[in-house]
Amino acid sequence: GQQLNQSPQSMFIQEGEDVSMNCTSSSIFNTWLWYKQDPGEGPVLLIALYKAGELTSNGRLTAQFGITRKDSFLNISASIPSDVGIYFCAGPHYGGSQGNLIFGKGTKLSVKP
Amino acid sequence: EAEVAQSPRYKITEKSQAVAFWCDPISGHATLYWYRQILGQGPELLVQFQDESVVDDSQLPKDRFSAERLKGVDSTLKIQPAELGDSAMYLCASSPGLAGSYNEQFFGPGTRLTVL
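Protein chains in written order, with the working numbering: chain A, 1 to 113; chain B, 114 to 229.
The shape of chain A in the complex, shown without the other chains:
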């Protein structure tokens, strides 16, 4: 079945540093999504990517849709303490009922002030 592999599993960085994380799959996705989840809350959509090669920014966040359609990258520039949380990549599942999402296991980000 479709699976999403995220790396790294966790990151400990200093405030002000840039962050890079990625998501890969053995199968093609036509949409890539990046969510952030704060402790005890539901995921919130950060960026959605719909086209291979697409590069999209949302403030200090930039995400790219890999040209093979099997990977995506998320970069955070000049990290701040409120960037702490778990970042998930996700994509729509096309094996059965279309539209529901498959999630990776997440990258946990910790930022030292």
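Simulated from the structure, these hints should not be mistaken for lab results. Any given hint could turn out to be false.
30 angstroms max Cα-Cα, derived BS3-like pairs, lysine-lysine [as the list claims (entries may be wrong)]:
no., chain 1, residue 1, chain 2, residue 2
1, B, Lys124, B, Lys175
2, A, Lys105, A, Lys51
3, B, Lys128, B, Lys175
4, A, Lys70, A, Lys51
5, B, Lys124, B, Lys184
6, A, Lys105, B, Lys175
7, A, Lys105, B, Lys128
8, A, Lys70, A, Lys105
9, A, Lys51, A, Lys108
10, A, Lys105, B, Lys124
11, A, Lys108, B, Lys124
12, B, Lys124, B, Lys191
13, B, Lys128, B, Lys191
14, A, Lys105, B, Lys191
15, A, Lys70, A, Lys108
Following the hints, position chain B against chain A.
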């Protein structure tokens, strides 16, 4: 700003007891999803509704889990009897689009279930 509402936020129960979770999607959203998120993992779909109809419940453990969306608006997820392995965050999401196509999903705050 419209949000997905869930209650309760936290639930502690003993194994073999029955529990129920409630979700009120964003007004007008036709599609509703229930996900389960085990600690350290990403959310996994349990059931998907299009209005009042179940579109996908292939991952729902039907011997103990049930879900309904009787009037096509709010939804209830029930577990009976609860088992220790059911401890997880239960997330509800809604989407304005129809099942069968991707539309942005908006998540509620979740219900954290602990089974003792």
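Tested hints:
1. B:Lys124 <-> B:Lys175: Distance ~21 angstroms between Lys124 of chain B and Lys175 of chain B Cα, so the pair holds.
2. A:Lys105 <-> A:Lys51: 23 angstroms, holds
3. B:Lys128 <-> B:Lys175: 17 angstroms, holds
4. A:Lys70 <-> A:Lys51: Cα-Cα ~12 angstroms, so holds.
5. B:Lys124 <-> B:Lys184: Within the cut-off at roughly 25 angstroms; holds.
6. A:Lys105 <-> B:Lys175: 25 angstroms, holds
7. A:Lys105 <-> B:Lys128: Answer holds: Lys105 of chain A to Lys128 of chain B is near 27 angstroms, not above 30 angstroms.
8. A:Lys70 <-> A:Lys105: Roughly 16 angstroms separates the two Cα atoms, so the pair holds.
9. A:Lys51 <-> A:Lys108: 26 angstroms, holds
10. A:Lys105 <-> B:Lys124: Holds, at roughly 24 angstroms.
11. A:Lys108 <-> B:Lys124: 25 angstroms, holds
12. B:Lys124 <-> B:Lys191: 13 angstroms, holds
13. B:Lys128 <-> B:Lys191: 14 angstroms, holds
14. A:Lys105 <-> B:Lys191: 25 angstroms, holds
15. A:Lys70 <-> A:Lys108: 22 angstroms, holds
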